[in-house]
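Visitor: Letter by letter, the chains look like this.
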Amino acid sequence: MKDENRATHESTEHRGIDKERRALIGAAAGVGAAMVAPGVVLHAVQAQADPRSEPVTSDVRWGLVIDTAKCADGCSACVDACNEENGLDLQTKPGRESEEKWDRQKAVWIRKVKLQDNQTGRITNLPMMCQHCEDPPCVDVCPTGASFKRADGIVMVDRHLCIGCRYCMMACPYKARSFIHEDLEGQLTSVPRGKGCVESCNLCAHRRDYGEDSTACADACAAEGHNAIVFGDLKDPNSIISQLLKELSTRQIREDLELNTGVRYAGV
Amino acid sequence: MAKATVRTILLVGLVWALLAQTVLAEEVRRYVVEGSKAAELDACVEPTERMRRMHFEFIKHQRIATVHQGIRGTKYSLAGCVDCHISYDEQRQPQPIDRPDQFCGACHAYAAVDLNCFDCHASVPNRSEDSPEAQAAHQALGLGPLGSLAQTHAGGGER
Chain E
1 MKDENRATHE
11 STEHRGIDKE
21 RRALIGAAAG
31 VGAAMVAPGV
41 VLHAVQAQAD
51 PRSEPVTSDV
61 RWGLVIDTAK
71 CADGCSACVD
81 ACNEENGLDL
91 QTKPGRESEE
101 KWDRQKAVWI
111 RKVKLQDNQT
121 GRITNLPMMC
131 QHCEDPPCVD
141 VCPTGASFKR
151 ADGIVMVDRH
161 LCIGCRYCMM
171 ACPYKARSFI
181 HEDLEGQLTS
191 VPRGKGCVES
201 CNLCAHRRDY
211 GEDSTACADA
221 CAAEGHNAIV
231 FGDLKDPNSI
241 ISQLLKELST
251 RQIREDLELN
261 TGVRYAGV
Chain C
1 MAKATVRTIL
11 LVGLVWALLA
21 QTVLAEEVRR
31 YVVEGSKAAE
41 LDACVEPTER
51 MRRMHFEFIK
61 HQRIATVHQG
71 IRGTKYSLAG
81 CVDCHISYDE
91 QRQPQPIDRP
101 DQFCGACHAY
111 AAVDLNCFDC
121 HASVPNRSED
131 SPEAQAAHQA
141 LGLGPLGSLA
151 QTHAGGGER
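Chains E and C, in that order, are what the protein sequence lines are. For the first sequence, the UniProt record's numbering begins at 1 and goes up steadily by one. For the second sequence, the UniProt record's numbering begins at 1 and goes up steadily by one.
Since the hints were derived computationally from the structure, they do not count as laboratory data. Quick caveat: nothing in here was measured; it's all calculated off a predicted structure. Wrong hints could be hidden among the right ones.
[What the hints assert, rightly or not] Computed beta-carbon distance windows for the label pairs:
| id | chain 1 | residue 1 | chain 2 | residue 2 | range |
| --- | --- | --- | --- | --- | --- |
| 1 | C | A111 | E | G196 | 17 to 27 Å |
| 2 | C | E57 | E | D59 | 29 to 39 Å |
| 3 | C | A111 | E | M170 | 34 to 44 Å |
| 4 | E | K101 | C | Q93 | 28 to 38 Å |
| 5 | C | Q93 | E | G211 | 27 to 37 Å |
| 6 | C | V28 | E | D140 | 34 to 44 Å |
| 7 | C | R53 | E | D140 | 37 to 47 Å |
| 8 | E | G74 | C | P47 | 52 to 62 Å |
[Said to hold, decoys possible] In silico lysine-lysine, DSS-like type, Cα no more than 25 Å apart, as pairs:
| id | chain 1 | residue 1 | chain 2 | residue 2 |
| --- | --- | --- | --- | --- |
| 9 | E | K112 | E | K175 |
| 10 | E | K195 | E | K149 |
| 11 | E | K149 | C | K60 |
| 12 | E | K195 | E | K175 |
| 13 | C | K60 | E | K195 |
| 14 | E | K106 | E | K175 |
Where is the CB? At the ideal position from N, CA and C, for every residue including glycine.
Just need the whole structure built from these sequences, with the hints factored in.
Guide: Structural data, given as structure tokens:
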């Protein structure tokens, strides 16, 4: 039997390490500030941490909590922000393709999903993306090792190893993955992308590596004033996301599959 | 007598070898393109000889470190090569680096190397010049931090 709340339980074991890390980070930040001493301006402008120079570790597990009660009908702020952040808006429809087919086929990392309870008529809106499973089926089926889970819990595709077989797309219970069917141009430096590979939400991995606080979707949702998406470290008992998980009654989608997802939903 | 002959032969050989080397050195084509940042600098992120022979090893190692371990801001980043070796035309338009008349493209065309990296990777820089990778490359050259203080965030910032 798997423990549904493994993430939260493990956090107690990791508390010691986490504290130590934080202390270290604090000290390092102090040094940085001292070295640029007269440059008060420099310090103020550089709000973000240094790019990562040590491999990611399992001291953290990144995840999302989504409060569906706050997710507004008709709002697509998270989807739009994700598209822009990850260059998905740079895809163009091939001339021969119908609008309808293109809508189904173009790569998306977040989908807005509307659920209706047929008995009560209650409608729930939610954003659906890669659920960053602890035991990801996409990783199990990948024949090349391209589909993998980073130590910090982010499930992603190493496009250098992906052969485009799309087993992972079939294995994913959340329909979270997309395949790039066409050659592309004008990609973003930070988000390379090309024909013949599978991709999906990577919790803004580049933002993680450059020490930013949040994801594009969570930022956009907050900017709209909805705050339905909260990003954070599931293993840090003091993180906002852990506090939320303690307060809210959250669920994993398809928890019967026992994948221990890193994305949790309240109000579903 | 015999000793003297040997000496002469050795000396002639030495002079010949030296001459041959100078000629060879002059024959080496240079690929750094006018109008790129690299054209104004003296050195690459490693000695030039080493770069010519090893650059793909460096990049591939970097690729694994970045994609699997999240390590950023290092001097062998592919985005970093593009930042420094990209050249601009009179309209200040960056010229795709894999084009057969540009830095990576020209030498690869000569060496008959066919890459697909730029099917996915941006072949022109589209982020700020003081990206962490550019900073790392500059520091590797002992040039100290790059001028501007403004930091754009690395992901999708400048488009």
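Visitor: Any of the earlier hints contradicted here, and which numbers?
Guide: As far as the earlier hints go, only 6 is violated by this structure.
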